[in-house]
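For reference, the chains in residue letters:
2 protein chains.
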Amino acid sequence: MKEVVGVGLIGYGTVGSGVVRILHEHKEKMERETGCDVVVKKIVVRDKEKERSYPLHGAQLTTCIEDILEDTSIHVVVEVMGGTEEAKEYILRAFEAKKHVVTANKDLLAMHGEELLNAAARNGSDLYYEASVAGGIPILRGLVDGLASDRIQKVMGIVNGTTNYMLTKMTEEGVSYEGVLREAQALGFAESDPTADVDGLDAARKMVILATLGFSMKVAFEDVDVKGIRHVTQKDLQLASQLGYVMKLIGTAEEKDGAVSISVAPTLIPKSHPLAGVRNEYNAVYVYGEAVGQTMFYGPGAGQLPTATAVVSDIVTVVKHMRLGTTGKAMSFASRSKVLQDDSNIHSKYFLRVHMKDETGTFLALTKSFVQENISFDKILQLPLDDENAEVVVVTHSTSKKQIQQVCASLDSQYMEMVSLYRVEGE
Amino acid sequence: MKEVVGVGLIGYGTVGSGVVRILHEHKEKMERETGCDVVVKKIVVRDKEKERSYPLHGAQLTTCIEDILEDTSIHVVVEVMGGTEEAKEYILRAFEAKKHVVTANKDLLAMHGEELLNAAARNGSDLYYEASVAGGIPILRGLVDGLASDRIQKVMGIVNGTTNYMLTKMTEEGVSYEGVLREAQALGFAESDPTADVDGLDAARKMVILATLGFSMKVAFEDVDVKGIRHVTQKDLQLASQLGYVMKLIGTAEEKDGAVSISVAPTLIPKSHPLAGVRNEYNAVYVYGEAVGQTMFYGPGAGQLPTATAVVSDIVTVVKHMRLGTTGKAMSFASRSKVLQDDSNIHSKYFLRVHMKDETGTFLALTKSFVQENISFDKILQLPLDDENAEVVVVTHSTSKKQIQQVCASLDSQYMEMVSLYRVEGE
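Protein chains in written order, with my numbering: chain A, 1437 to 1863; chain B, 1437 to 1863.
Rather than coming from a laboratory, the hints here were simulated on the basis of the structure. Computed from a prediction, not measured in an experiment: that's the story for all the values here. In this text, a Cβ means the ideal position worked out from N, Cα and C, and glycines have one as well. Please note that the accuracy of each hint is not assured.
[What the hints assert, rightly or not] Pair ranges (Cβ atoms, derived):
(1) B:1656 <-> A:1482: 48 to 56 Å
(2) A:1678 <-> B:1658: 54 to 62 Å
(3) B:1776 <-> A:1487: 54 to 62 Å
(4) B:1825 <-> A:1460: 57 to 65 Å
(5) A:1614 <-> B:1779: 26 to 34 Å
[What the hints assert, rightly or not] Straight-line Cα separation of at most 20 Å, DMTMM-like style, residue types lysine to aspartate or glutamate; simulated pairs:
(6) B:1774 <-> A:1659
(7) A:1590 <-> B:1461
(8) A:1463 <-> B:1726
(9) B:1692 <-> A:1464
(10) A:1590 <-> B:1726
(11) A:1590 <-> A:1659
(12) B:1654 <-> A:1464
(13) A:1692 <-> B:1464
(14) B:1590 <-> A:1461
[Stated by the list, open to error] Far from chain A, by Cβ distances over 10 Å, these chain B residues were calculated:
(15) 1442
(16) 1469
(17) 1493
(18) 1495
(19) 1577
(20) 1619
(21) 1652
(22) 1657
(23) 1739
(24) 1765
(25) 1773
(26) 1817
(27) 1827
(28) 1838
All chains should be modelled from the sequences, with the hints used to inform the complete structure.
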């Protein structure tokens, strides 16, 4: 008879039920991969009586975490309850009970990753979290194992499915931000409080995990320069399109001369760039390595089964380690101390929309402000706005974040209105 | 002092010198990743006196394989000599000497993969070969670890950089097959005997490795239905383009109802498909998993540093295993016995070019031939060819390989000339 590996789930929402389903439906492949029978034994839920539409396939519901922690037939704990404080406590207690943990909880990892990994190592336990970034795309493995020998220079990608869906609809169907948000909420793609998605916080947490792994440097949420899509307008998208760009919520993490910068912001990408073709809820992450050049990982960024697949692949890894007797031996999360890049060293191109009086001399004043900061123009588009005012759209050549901030301050002091400012990447 | 892990190279061509360079230049990251000092100690070459443009960074050249096999300070043997028989013998002897092996040799893996993996396991050795497929893209790790829990349904991709470069030039610049081959040879992208690339043999070997890993089924080179790009004409590309397609040399491996089919052939892809945008020497592999849906891995398919990066990432994996005491424990190559798909069960759409007499009734005869096999048309394009003959281009709806073969035989017997026949994928 095959050895049985017991799994305990904390949480039984969309992802949790997907995990139960995959373990059940892919039973044969699981056995082939691990040589074991991997069985979900218990599931901790808040309310045992609640009607559930997913079959339990023999698992037992409980409201009591101790039922899992004290069950010696349960070897792997899968945390899919979400939230941070309670989830962290349960995971730490699971390690103390010498159990291994798989989680899809990006908030938790971004906030307490190092503490959790240290606790895992102390207890000889495994901790895996592939599902925490870009759902079904095995990007963390790609970074940690596949490109282990290369020096990662930059990671850039679309890591939030909700906002990518919204921006796709806004771009392709001309829907307003408010309209597409309501639609996404109705379809269940966006939460009733969409802050985490639309303000870029979710993407920022994923970039923290990617940057930490990519650069072996422990960065924090506070180190990410975050801007969301709340203020993106149809006019922004149309003018960007006229100049050959499409807008995406892009996370970047870059190392230069030993210092890193991490940002999340609505960013313009040339229409011909592969990231421009990543539509709807799909995610894609570009990795630039010194030796390998550019590679891209593309796939569904969320969704029940893709996310559950990543969780179950982590369970497979843990079970293999259990069989080989190699659990608790993951290499450290981040071995280098953190050095953040100075704003004067963070370079990119920028797209600006400025409203100004349509009078002789104002365009010259605008130009002077840029020249003063040594910024040259790549593209310019001027359009009449109304009888008295003009709209000027500028795409700069590469310039530093510090310089662009100084230009903005200077325009402001000259009564020109900076309507929008976006980074341009991928040219 | 750090533990030193000794590496012995067999072969010192492009990839070998890239390995030496990356180990040297990324020394700090290697130490961080593995906790060891990874040093190339000896390199086996045919001719010690030959002028070499790459620095050796302290490695010692030898013409004698025993210098590596008998050196107990060498733990990892990297085979980058190419070829199959001699390389196989050296690798088997390395295992007997209890050394671990990393190779980039796809021909060897496609032909003798199982034997080598068994020999590795018997001797407690590791054998890794990420670089053998799609150079810098960590696709094998993606298949084996990242999607371990999913049931892989189909793997489809561009896995040969030379032919992709050639087809890109033919499509975008209108160059003939002969012209672009000469150009590729001059640039060093194609060998003086280009057979392995242009006849699809190289791609077929990679598909053998991908199919074996994806389906855990030991398939052989003979199981691949291979067609190369030698007979692709400008006219084919132009007519395909008129109907919205671009041509790529596509490898597919598909499992349906427990049986697999593997093919390599010039294939038409809709221009909007992400694979259509994979240009020049880049590679990309789509993986369709039952649960995850579609994911794609994209990157440089060849080249010194991308390939060397994959080799060195494998060395990192081996060194980690050495430190953890877990070498020689890779799971088996292929645990299921082989079942090949019947031609009547292999379905796809087809693009056909037929030349026929421009007379009343011939088009009806053509149509009847298709109706007889129950094949319906998706697109039709008829053009005059000369005074007496017409060219008809047909794209069928999905049909079986067997049916399309019968139609071809039937057209042939009616004196219609089948000029070209290509599969259509990705719609």
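Taking the hints in turn, this is what the structure says about them:
Separation of residue 1656 of chain B from residue 1482 of chain A is about 54 Å and conforms to the stated range, judged on CB atoms against 48 to 56 Å. Between residue 1678 of chain A and residue 1658 of chain B the C-beta distance comes to about 55 Å, which sits within the given range of 54 to 62 Å. In this structure the hint that residue 1776 of chain B and residue 1487 of chain A lie 54 to 62 Å apart at CB is violated, the actual value being about 47 Å. At about 60 Å, the CB distance of residue 1825 of chain B to residue 1460 of chain A agrees with the hint of 57 to 65 Å.
Evaluation of the 26 to 34 Å hint for residue 1614 of chain A and residue 1779 of chain B yields a failure: the beta carbon distance comes to about 55 Å. Proximity of residue 1774 of chain B to residue 1659 of chain A is assessed by CA-CA distance (about 52 Å); at most 20 Å being required, the pair is judged violated. Restraint check: the Cα-Cα separation between residue 1590 of chain A and residue 1461 of chain B comes to about 18 Å, which is no more than 20 Å; the hinted pair holds. Note on residue 1463 of chain A and residue 1726 of chain B: the hinted pairing holds, with a Cα-Cα distance of about 13 Å set against a maximum of 20 Å.
For the hint linking residue 1692 of chain B to residue 1464 of chain A, the alpha-carbon distance of about 16 Å falls within 20 Å, and the restraint holds. This hinted pair does not check out: residue 1590 of chain A and residue 1726 of chain B have alpha carbons roughly 31 Å apart, beyond 20 Å. Restraint check for residue 1590 of chain A and residue 1659 of chain A: the C-alpha separation of about 16 Å stays at or below 20 Å, so the hint holds. Between the alpha carbons of residue 1654 of chain B and residue 1464 of chain A the distance comes to roughly 17 Å, so the proposed pair stays at or under 20 Å and holds.
A hinted pair counts as satisfied when its Cα atoms are at most 20 Å apart, and residue 1692 of chain A with residue 1464 of chain B qualifies at roughly 16 Å. Between residue 1590 of chain B and residue 1461 of chain A the CA atoms are separated by roughly 18 Å; this keeps the pair inside 20 Å, and the hint holds. Under the 10 Å C-beta cut-off, the non-interface status given to residue 1442 of chain B relative to chain A holds; the minimum distance is some 17 Å. With 10 Å as the threshold on Cβ separation, the claim that residue 1469 of chain B sits away from chain A is violated: the shortest Cβ distance comes to roughly 5 Å.
A cut-off of 10 Å between C-beta atoms confirms that residue 1493 of chain B is not in contact with chain A; the least separation is 15 Å. No beta-carbon of chain A comes within 10 Å of the beta-carbon of residue 1495 of chain B; the shortest separation is about 17 Å. Not every C-beta of chain A lies more than 10 Å from that of residue 1577 of chain B, the closest at about 5 Å, which undercuts listing it as non-interface. At the 10 Å boundary, the C-beta of residue 1619 of chain B stays outside the reach of chain A, the nearest C-beta of that chain being 22 Å off.
Not every CB of chain A lies more than 10 Å from the CB of residue 1652 of chain B, the least distance being 6 Å, so the non-interface label is violated. Interface exclusion of residue 1657 of chain B from chain A stands, the closest Cβ pair being 24 Å apart, more than 10 Å. A beta-carbon of chain A comes within 10 Å of the beta-carbon of residue 1739 of chain B; the shortest separation is about 8 Å. Once the 10 Å rule is applied to beta carbons, residue 1765 of chain B is inconsistent with being away from chain A; the minimum gap is 5 Å.
Every CB of chain A is more than 10 Å from the CB of residue 1773 of chain B (nearest about 12 Å), matching its label as outside the interface. At roughly 27 Å, the least C-beta separation between residue 1817 of chain B and chain A is larger than 10 Å, which holds for a residue marked as non-interface. No beta-carbon of chain A is positioned within 10 Å of the beta-carbon of residue 1827 of chain B; the least distance is around 33 Å. No beta-carbon of chain A is positioned within 10 Å of the beta-carbon of residue 1838 of chain B; the least distance is around 29 Å.
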